[in-house]
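Asker: Sequences and hints are given; from them, build the entire structure.
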Amino acid sequence: MTPDTASDNLPREPPRRIDRAGLAIAAALVVLAAVLVWDASKLPATTMYGMGPEAMPIVIAVGLVILAAGNLIDALRGRLPPRESMDPKPVWLIIGGLALLIGIIGFGGGFILATSALFVTTSAAFGRRAVAADTVIALAITTLIYLAFDKLLTLSLPAGPLERLL
Amino acid sequence: METFAALAHGMAVAMQPMNLLYALIGVFLGTAVGVLPGIGPALTVALLLPVTYKLDPGGSLIMFAGIYYGGMYGGSTTAILINTPGESASMATALEGNKMAKAGRGGPALATSAIGSFVAGTIATIGLAFLAPWLVDFAVRFGPEDYFALMCVAFVTVSATFGDSPVRGLTSLFIGLTLGLVGIDKLTGQARLAFGIPELLDGVEVTTLAVGLFAVGEALYVASRRHHAEEKLEPVRGSLWMTREDWRRSWKPWLRGTLFGFPIGALPAGGAEIPTFLSYSTERRLTKYPKEFGKGAIEGVAGPEAANNASAAGTLVPLLTLGLPTSATAAMMLAGFQQYGLNPGPLLFAERPDLVWGLIASLFIANGMLLVLNLPLVGLWVRLLAIPQAWLYAGILVFATMGTIAAKPSVVELSMLAAFGVMGFLMRRFDFPIAPVVIGLILGPIAESQLRRALAISLGDPMVLLQSPMSATLLGIALIALLAPFVLRGLGRFKANED
Amino acid sequence: MISSHMRLFGAVVALLLGASGPAPAQQLELKLMAPAAPGGGWDQTARSMQQVLVAAGVARSVQVTNVPGAGGSVGIAQFVNGAKGDGNQMMVNGFVMVGALAMNKSPVTLDQVTPIARLTEETQVIVVPASSPIKTAQDLAVALKADIAKVTFAGGSAGGVDHVMAALFAGTVGADAKKINYIPFSGGGESLAAILGGKVTAGISGLSEYEGQIKAGKLRALGVTSAQRLPGVDIPTFKEQGIDLVLANWRSVVAPPGITPEQRKALGDAVEKMVKSDAWKGILKQKGWDDAYLGGDAFADFLNKEIARVTEVLKSVGLVKS
Chain C
283 MTPDTASDNL PREPPRRIDR AGLAIAAALV VLAAVLVWDA SKLPATTMYG
333 MGPEAMPIVI AVGLVILAAG NLIDALRGRL PPRESMDPKP VWLIIGGLAL
383 LIGIIGFGGG FILATSALFV TTSAAFGRRA VAADTVIALA ITTLIYLAFD
433 KLLTLSLPAG PLERLL
Chain U
172 METFAALAHG MAVAMQPMNL LYALIGVFLG TAVGVLPGIG PALTVALLLP
222 VTYKLDPGGS LIMFAGIYYG GMYGGSTTAI LINTPGESAS MATALEGNKM
272 AKAGRGGPAL ATSAIGSFVA GTIATIGLAF LAPWLVDFAV RFGPEDYFAL
322 MCVAFVTVSA TFGDSPVRGL TSLFIGLTLG LVGIDKLTGQ ARLAFGIPEL
372 LDGVEVTTLA VGLFAVGEAL YVASRRHHAE EKLEPVRGSL WMTREDWRRS
422 WKPWLRGTLF GFPIGALPAG GAEIPTFLSY STERRLTKYP KEFGKGAIEG
472 VAGPEAANNA SAAGTLVPLL TLGLPTSATA AMMLAGFQQY GLNPGPLLFA
522 ERPDLVWGLI ASLFIANGML LVLNLPLVGL WVRLLAIPQA WLYAGILVFA
572 TMGTIAAKPS VVELSMLAAF GVMGFLMRRF DFPIAPVVIG LILGPIAESQ
622 LRRALAISLG DPMVLLQSPM SATLLGIALI ALLAPFVLRG LGRFKANED
Chain D
2 MISSHMRLFG AVVALLLGAS GPAPAQQLEL KLMAPAAPGG GWDQTARSMQ
52 QVLVAAGVAR SVQVTNVPGA GGSVGIAQFV NGAKGDGNQM MVNGFVMVGA
102 LAMNKSPVTL DQVTPIARLT EETQVIVVPA SSPIKTAQDL AVALKADIAK
152 VTFAGGSAGG VDHVMAALFA GTVGADAKKI NYIPFSGGGE SLAAILGGKV
202 TAGISGLSEY EGQIKAGKLR ALGVTSAQRL PGVDIPTFKE QGIDLVLANW
252 RSVVAPPGIT PEQRKALGDA VEKMVKSDAW KGILKQKGWD DAYLGGDAFA
302 DFLNKEIARV TEVLKSVGLV KS
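Chains as they are written, first to last, in the working numbering: chain C, 283 to 448; chain U, 172 to 670; chain D, 2 to 323.
It cannot be assumed that every hint is accurate.
The list that follows gives simulated cross-link-like pairs (lysine-lysine, BS3-like), each with its CA atoms no further than 25 Å apart [what the hints assert, rightly or not]:
1) Lys85/D - Lys106/D
2) Lys357/U - Lys316/D
3) Lys357/U - Lys180/D
Since the hints were made in silico from the structure, they are not lab data. A quick note: this is a predicted structure, and the numbers were derived from the prediction, not measured.
Answerer: As structure tokens, then:
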């Protein structure tokens, strides 16, 4: 399951310099291992026969530390696969859309508004400029979905001002 | 001979026009609801169960079987077309299936999935009819230590999904294992890595992780690369149908998938995920086209799909012979029986043979109906990919979040989905394989709790793992499978160094 | 959160109806929360109630919402905080929630809700494989007292009704409940396989789940937890074997905190009317649930006693810190 990066354009000279992102990944793994150990140490010792709940986290933490070392070596030797340049704007647009969705659901804005917001931002991230048209499409689709869930499956999706009008 | 007569009678009942209609409606409804990610076959059956109340037992069971198989097939359709596995069992399908769809081969992918499901379902249903009493005896003797050993075998095969760097593959796997720790420990009830958030006590939902990593992560990644060259999706390239070549490459994986799926599905704690992974890695090892794996190899769709369907039929073995509901779906099946005051179990075959054989016959019918309904739809489904890219991905994201909102409408769950999406994006960007994360989340907790159960029963004596012949054998297989590639690679490196 | 607008919705409905006091029963517009995913026991109870309440004309509409998570801990938190004072909302719950709340250190407890009624219950059973040398509950008691670690119990989730029952059994027969070797399995199917396969000494579950195996002679039932023998069930109670263990896995329905006595009465009356209807009796029969209706203050008393008993047991086995 390797994503289709530029691996097709190989062979390519591997850059022989320290990879900062690789260092960050190694550091993150160490932090994750520390969290595991800290969490396991807080588990109360309960009477149990055999293995307790703290054993597995420790085993995994040890594995994570070893893997952090492996990633560190790869980073120091600059052995990470080459990366293409990326355009951060659409990524932030979609993440913003997801944040909007979570916020609208959290504050009781309902399913239709929340998913429509996500639809419009994602569509904009992929280069659409017709925000008004997309909004209309999104509202229509999500309203249909809401009705299908509510009426056919009797599964209640989060309701907000729009849903109450239905 | 008795079995044949009973089955023939069941078939005669199920083939009545009215019952065929019920089967068609069931398959249609099941597929329609089953395509929603997060809403797997179990939930589909739960939601649609009331629809069947009004019918007579025979008709109701038939519609039921249709909903069940339809729900399973629906999950694979989204996995292939939009990389959104509807349930954990169709995750393996997404790996190669979606690559095929993107290469304009969605038609053959869907077809091999439908026909493979039919073949596997049919063989497994025959197995159910004839082997059930024998198989269940074996399944019941499978103890916690044996499950743990089976998990070890499964873990070793995970490396097939690692891509080209073992370090990065293992990193992904361990992130999955870490996520698997989140929530209430099954054996002691203690909360791990929940940080006082009640929503985390139930652990990380597999579908939330899979949909986040696969669908949301993919959308972010494609968006970030749009300035390079717009990804052009051609829904159909070459034949819409399976070519002779596709058939030739599919039939063996179908059979092998069935061989994994049916017996493991019959184990009370076997499930559908393990056989699909085992099938995927086996096909990857055996294929004559190793270069195509990771880019859309049809074997990688045919095998897991067959395994998935065969395991579903396998689940019915303990259900019908022992009354053991060993999966969420089987539990819903039980509910279906109970609406007629029936308790499946050792007496059911003797007391109500008509219903048991009726059900088995309706599984055959539902399976066939699935083929009838879905093959003509393949052309329609793949047209979905012709939607303009902006709308396609916007739709995928709405669709992906919808399942989560419907199943668990909480801010925490949605935040996890978004976080996994970002994680999936970063992993793609830094070339970490994604499948091992989900596999770690699924297998880690099972392996841990089975090992701890075995040790609790043996009062802490690890020798229990070697004393059971089944467990010792499986551990041996795992060890060989683990060491073989290292030995081979060591030899290879030795040779390379000599150059 | 989601529930704050539920309250708003309730208020809007009340305004529309022009009713300032408790609405007449026929116009009840109820919201019923199942603190579990669709398909489970609590969800089925809620959806059955929905069906009967509407069919029997007790309520004009009933809407079921699912708030799954951690044995109901997530649901009850939302219910208590979001539905406070709303006389049109109820939540389904049961025995399992008592233990789950204690174990998850939930800030919200069952003391905060307004008890309405107990609805159904299920008798529990202890079984051994047919080939086991243990023949009666007393045999099991002897084995427990001889070496408690070697007697392994298979049952449902840690802290659930099966676990509580294992500890109660050990305690009642004079063994050290703290040391029971209880092995939780996920789902009845998995633990039944472990019992049939002879991997564990005994198994604990709801009676209906193992009834088929018992009748088929594959499992031997040592005793049931009902106070009297159940009609049509040929299994001795623990009580008649000299072991004072009476327990049932019950399901009930509760209302939010802070509702008026009138609202409480209206809801209690509605539930009582539902329980007495033929439609409800039909559902009980169809689903195999035992009627255990207990309304009003009697149920409140019962609930308090169960909370005290379960919390004590869970402390004794070390699942809840005292």
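Asker: Compare the structure with the hints numbered earlier in the document and write down the numbers of the violated ones, lowest to highest.
Answerer: none
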